[in-house]
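Mind assembling these two chains? They're in different frames, but the hints should get you there.
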Amino acid sequence: MRRLACLLLLLPAAALADERRSGSTYMSAETQAMQKDDTANPGMLWVQDGAALWSRKPAADKKACADCHGDAAASMKGVAARYPAFDAEQGRPVDLATRINLCREKHQQAAPFAAESESLLGLSAWLGLQSRGLPISPDPDPRSEPFREAGRRLYEQRMGQLNFACAQCHDDNAGKRLAGSVIPQAHPTGYPIYRLEWQGMGSLQRRLRNCMTGVRAEPFAYGAPEMVELELFLMSRAAGMTVETPGVRP
Amino acid sequence: MKFLPETVLALALLAGGAQAQVVVGDGIPQPLTETAGDPARGRAIVASRQRGLCLLCHTGPFPEERFQGNLAPTLAGAGSRSTPAQLRLRLVDPRRLNPDSIMPPYFSTEGLTRVGANWVAKTVLTAQEIEDVIAFLSTLRE
Numbered sequence: 003m004r005r006l007a008c009l010l011l012l013l014p015a016a017a018l019a020d021e022r023r024s025g026s027t028y029m030s031a032e033t034q035a036m037q038k039d040d041t042a043n044p045g046m047l048w049v050q051d052g053a054a055l056w057s058r059k060p061a062a063d064k065k066a067c068a069d070c071h072g073d074a075a076a077s078m079k080g081v082a083a084r085y086p087a088f089d090a091e092q093g094r095p096v097d098l099a100t101r102i103n104l105c106r107e108k109h110q111q112a113a114p115f116a117a118e119s120e121s122l123l124g125l126s127a128w129l130g131l132q133s134r135g136l137p138i139s140p141d142p143d144p145r146s147e148p149f150r151e152a153g154r155r156l157y158e159q160r161m162g163q164l165n166f167a168c169a170q171c172h173d174d175n176a177g178k179r180l181a182g183s184v185i186p187q188a189h190p191t192g193y194p195i196y197r198l199e200w201q202g203m204g205s206l207q208r209r210l211r212n213c214m215t216g217v218r219a220e221p222f223a224y225g226a227p228e229m230v231e232l233e234l235f236l237m238s239r240a241a242g243m244t245v246e247t248p249g250v251r252p
Numbered sequence: 090m091k092f093l094p095e096t097v098l099a100l101a102l103l104a105g106g107a108q109a110q111v112v113v114g115d116g117i118p119q120p121l122t123e124t125a126g127d128p129a130r131g132r133a134i135v136a137s138r139q140r141g142l143c144l145l146c147h148t149g150p151f152p153e154e155r156f157q158g159n160l161a162p163t164l165a166g167a168g169s170r171s172t173p174a175q176l177r178l179r180l181v182d183p184r185r186l187n188p189d190s191i192m193p194p195y196f197s198t199e200g201l202t203r204v205g206a207n208w209v210a211k212t213v214l215t216a217q218e219i220e221d222v223i224a225f226l227s228t229l230r231e
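Those sequence lines, one after another, are chains W and L.
Reading the first sequence from the start, the letters are residues 3 to 252 in my numbering.
Reading the second sequence from the start, the letters are residues 90 to 231 in my numbering.
Just so you know, these hints were derived from the structure itself, not from any lab.
No experiment lies behind these values; they were computed from the predicted model shown.
One or more hints might be untrue.
Said to hold, decoys possible - In the EDC-like style, the derived pairs of lysine to aspartate or glutamate whose C-alpha atoms are separated by at most 20 Å in a straight line are:
#1 W:108 / W:91
#2 W:178 / L:189
#3 W:178 / L:231
#4 L:211 / W:220
#5 W:64 / W:107
Said to hold, decoys possible - Anything over 10 Å on all C-beta distances counts as not near chain L; from chain W, calculated:
#6 21
#7 53
#8 56
#9 87
#10 101
#11 105
#12 116
#13 136
#14 139
#15 178
#16 182
#17 220
#18 242
For each residue, glycine too, the CB sits at the ideal point set by N, CA and C.
Bound conformation, chain L alone (with noise of 0.2 Å):
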């Protein structure tokens, strides 16, 4: 009885992501979550300049978002050319697919440097934002 609680705590740190990502090849094949990510949650997430910043650097078919960046590829098609295991880990931390990435690590804090007050030991985005994506990119297919 005594220790419930540490358990319910360490239940729910694994729920919450904290889960091991474990890389197999060029992907992690495990989802981050339990929960199955939801496409429209994704698209929201990747167009928005805040949450996902991808169209700061990438082009994709957003036909309402005028200003889309053109330093990375195109993401259409993105759900074509990876399986949802490569892009989890493209997502989680790129530097593992290429060091000299610019795509910036959306679920990994290793390695920063002078991270702003507000950001400190925070993720870009959540476990579940992770899956959101996945599952929104997996639908861009050529």
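Excised from the complex, chain W in its bound form (with noise of 0.2 Å):
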């Protein structure tokens, strides 16, 4: 009787459940097929180069990431799923980008790699489908705090001739249309995913900048501390949420 009460106490809980949604669930039923697809979603070409280049030395007196990290599919698994995450040397949080070229210049001695080139992004895509299925689990260090405060309070900010906040759009009218376009609640789950409309592969921080632009303000520079403090609150955001990786978009 008591186990019972108990259950129904928790019920009404599980029934408000999470009114959480991933970006997919608005999309048409053909561009949630073509996601779902392996064979069809474009994204698994940025994929399939990142693979390549995970086991590829930059020179030949050089290691590849698998080298020194071996299966991806073991030592990356549920690592996007956690950034961005605190860098003790920096001494702040580093999104995945900024991982990769750690790497890149530390453990390989090369030249980082430009924001949204192909490489970095089918690295990004590569590692983030290792992580595809698991939770969102942001990075749980206590020096990561700060930061994803000051994310939020972005996130809250006004900004741009059109003086929006993206609360405004994806917290308070969430599911509206905006024209054409339905707003999505913002949640990082399927980056970086290949958008139709770019007939290309993006990171997330290219999706904030396009929004910014939207709104008439300056965006901030790809790395900038606060992108990195961007993601890592839409992160915590979307915390037990499935990772997607890679996602389609209209």
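Now the structure itself:
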């Protein structure tokens, strides 16, 4: 009896459940099917490039990623689901793209990949795939906390000539239509994504820059501290949601 | 004679929309420009995704526009619900009616943050465009 009462008490909470929705759930059935089917998902082409890069030495006398990290399916499982993560050397959280480039420079003595380059997107998608199906698990390091809070403040701050905060669209008006587009809840579940409109792959930061330009704000640069803070906040907001990388968007 | 250029400049600034916008009650009774608004130009501004952006949020009587937003009430009947003075304040700076409004300030750069380089110190619409939009909205009657 007591057990039953407990269960009943728990029920409403479960029914209230989670009102969070991945951006993919707002897409047409065809686009959802394209994302789900690895043979149709164009993002898998970048994943394949990333896999090839993973095992390729940048120069004959240098190590490949795989030489140090081994089988990505084991060593990189859950890593993308946790980034941005605090880096003691940098004294701040770094995003996954920066982490990849730190290895390029520190451990491969090679030039960092440019932001949004096919190589960087490929490796990011390849690492993202190793977390596909896992819950987003934001960096638990307490040193990340002030950066996450800074991200929240940015998310709530109005900006640009049109004077919009991210929260005014993605919290207050999610699910409504801004002209032809449904406003999603802005969960970073599928990045990097293949976007049909871009005819290519793009990072979460490219998406955020699009939103900022949309409200006629000066977008943060790729890898800028503010970008990482926003990413960190978005990942916490999406904690527990499932990683879908590589996502497809219209 | 010596001060003439300055005088001319000051007059030009006034005519260009630098006129003080005096808020009376819930409106701005005084037009922003000398030239009366043109409803046809106003309609084009309202329907344009680049100029007015209104249909990002509003719906309205624009059968040719397939994509209209649903973040805001319809513009149909706007001219019956509000006087030109009320429409003027609503467009110049909706924050003065409702600080939390998501409607952009179309003729104020006050208190904006991180405005993009292309838009710094510019208002979304010019004074004359505001008057054109008011002239158009005033024709939308129920």
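Going through the hints against the structure:
1. With a CA separation close to 12 Å, the supplied pair residue 108 of chain W and residue 91 of chain W stays within the 20 Å bound.
2. Between residue 178 of chain W and residue 189 of chain L, the direct Cα distance comes to roughly 18 Å. Compliance with the 20 Å bound is thereby established for this hinted pair.
3. Distance restraint check for residue 178 of chain W and residue 231 of chain L: the Cα-Cα separation of roughly 26 Å exceeds the 20 Å cut-off, and the hinted pair is therefore not satisfied.
4. The straight-line distance between the Cα atoms of residue 211 of chain L and residue 220 of chain W is roughly 14 Å, inside the 20 Å bound, and the hint therefore holds.
5. Distance check on the hinted pair: residue 64 of chain W and residue 107 of chain W sit about 11 Å apart at the alpha-carbon level, within 20 Å; holds.
6. Separation of residue 21 of chain W from chain L is adequate, the least Cβ-Cβ distance of about 19 Å exceeding the 10 Å criterion.
7. At roughly 38 Å, the least C-beta separation between residue 53 of chain W and chain L is larger than 10 Å, which holds for a residue marked as non-interface.
8. Non-interface status of residue 56 of chain W relative to chain L is upheld: no Cβ of that chain comes within 10 Å, the nearest being about 38 Å off.
9. Under the 10 Å C-beta cut-off, the non-interface status given to residue 87 of chain W relative to chain L holds; the minimum distance is some 27 Å.
10. Every beta carbon of chain L lies more than 10 Å from that of residue 101 of chain W, the smallest distance being close to 27 Å; the non-interface claim holds.
11. Non-interface call for residue 105 of chain W relative to chain L: holds, since the shortest CB-CB distance, roughly 32 Å, exceeds 10 Å.
12. Even its closest Cβ contact with chain L, about 22 Å, leaves residue 116 of chain W beyond 10 Å, as expected for a residue assigned away from the interface.
13. Taking the minimum C-beta to C-beta distance to chain L, about 35 Å, the non-interface status of residue 136 of chain W holds against the 10 Å cut.
14. With a cut of 10 Å on Cβ distances, residue 139 of chain W stays outside the contact zone with chain L, its closest approach being about 31 Å.
15. Not every Cβ of chain L is farther than 10 Å from the Cβ of residue 178 of chain W; the closest lies at roughly 5 Å, contradicting the non-interface assignment.
16. Here residue 182 of chain W does not stay apart from chain L, with its beta-carbon only about 3 Å from theirs, under the 10 Å limit.
17. Chain L draws residue 220 of chain W into its interface by the beta-carbon criterion, the shortest separation being 5 Å against a cut-off of 10 Å.
18. Residue placement check: residue 242 of chain W keeps its beta carbon more than 10 Å from all beta carbons of chain L (closest about 29 Å).
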